[in-house]
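So the sequence lines, in the order shown, correspond to chains A and B.
Per the working numbering, residue 140 is the first one in the first sequence, and the count goes up by one each step.
Per the working numbering, residue 2 is the first one in the second sequence, and the count goes up by one each step.
Note that these hints are calculated values from the structure, not bench results.
Heads up, the beta-carbon is just placed ideally off N, CA and C, and yes, glycines get one too.
Misleading hints may appear alongside valid ones.
Derived list of chain A stretches under chain B, where covered just means 3 residues or more per stretch with a C-beta under 8 Å from a C-beta of chain B [to be verified]:
1. 186 to 197
2. 202 to 212
3. 335 to 349
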Amino acid sequence: MRALRVALLHLRVSVMNELQYRANFFIQLIQSLISVATGLIVLALIFDRTPDLNGWTRPQLLVVLGIYSIVGGFFGFGLEPAVVRIMGDVREGTFDYVLTKPVDSQVLASVRAFRVWRLTDVVVGIAVATWGLVALPNPPSLTELAGGVVMLMAGFVALYCLGLIIVTGAFWYTNMDMVQDLFTGMYRAGQYPTGVYPRWLRLVLTFLVPIGLAVTTPSQSLTGQLTWQRLVALLGFVTALVVVTRLIWKLGTKRYSGASA
Amino acid sequence: MTYLRLYATLGRQAISTNFQYRLNNFMFLVGMIAEPVVYLVVWSSIAERQGGALDGYTPGMFAAYYIVWTLVRAMNITFTPFGWEERIRDGTLSGHLLRPIHPVHYDIGWFSGWKVVTIVMWLPIAVALALVFEPTLDPTWQQCVTFFVAIWGAFLLRTMLLWVLGLITFWTTRVTAMFEAYFAAELLLSGRLVPLDLMPGWARETARWLPFESSFGFPITALVGPISGRGLAEGLARQFAWIAVSALFLAWAWRHAVKRYSAVNG
């Protein structure tokens, strides 16, 4: 409970901080619109040439594009700022301040920074996904909607774990800037349903870099292509990932020797 | 002569610095291949659905296009326009201004050294991609020569274009949306997303009047084809013309931009 209170407090401070820069909201909104517009143009190019992409129709891919933008928005809002901050802190030795506080270090490190305006991606994404859902011949049932939301959250947890595992590498190997590029590069692959990719890449995108899991599975649920068995199995996988992340975090923080001390 | 010596020195510096961060550079390249692999998979599957070829592009040709893409993209990376904010804010620029040589030369020299490292690191990645995706690639020697010249031309052209774009930072700090719009236009109209031959006619026509193709699509097509000898010569001429235009524009814009600069902590 205390962890939750700390998280909420940090969130409030970040929100208050960013509300001072209101013009940034519009700039961020323009950026979100540019990126979604680009995505829509690409879809138009694709469907100009083919009625479906490996079985995925245009409205279904609109849902995927919307979810991709939603996940990206949450990622930029909560995860990316925290990850960047941890990497900087480890390099400069200021990570001491996280470890010496009487709150769990993983929780504290994860909630210290938020970029509120990145949520514009979420808003734009919801609009695009809704557009796709309305255009579907069979709109999703309530269960399918709920499944989509659950998988969206699970996917986000999986991305959080991956982000944290990667950043834990900073405890061993301090110069991690390029790893961030690696991650953003991989992230782009989430724009299309994993079913489009060859089998090896599909597995990589579901389990190793769970971007496919975060984007494709919620979309599958919303478009009625996700079975119960698969949903449960993926939730199990995400739970295991949470445990592993926790272990790696513990190991990593043990490695850390304050450079400033 | 001074410039050549400057380039050589900066280049050597960049080479030894970046070979020290081998793993970083390798990771960077690996991260970059996700993007072309996505395009490759999407367009090859459309080609297969269309009965094996899309406007003459077979999956093998797509594979060749997007594997060469990775090298061109790596050559294409240069000083980011987003970097200007920091240069101005922390006063790095003040130091540059004291030197007797135009600061663009420092970027060109340093980044071209880094390119040498990039090309070396790229080779194993290209081999791996070729084994997985089986490209059809059968260039003539004219194509190879043109390609070699064109990737360096592309690097030079994009360095100058992004430099000019970055100079906007001298007038306003709210540049992000502008830069993003530029990159979106570049993505669609350069051949980065899909070979320009496959774009609708009006988009191809627009692209002809913009410099993006010279810095991305042309080098790839030069090696992968289909392209005639005349096409090679025309493409190179067009690229050189764009380099000249952007150099003039850069010289002009820089003179105005630097007048707006006031050192922060110089």
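A quick look at each hint next to the structure:
1. 186 to 197: holds (count 5)
2. 202 to 212: Coverage by chain B is violated for the stretch 202 to 212 of chain A (0 residues, Cβ < 8 Å).
3. 335 to 349: holds (count 4)
Of the hints listed earlier, the one the structure fails to meet is number 2.
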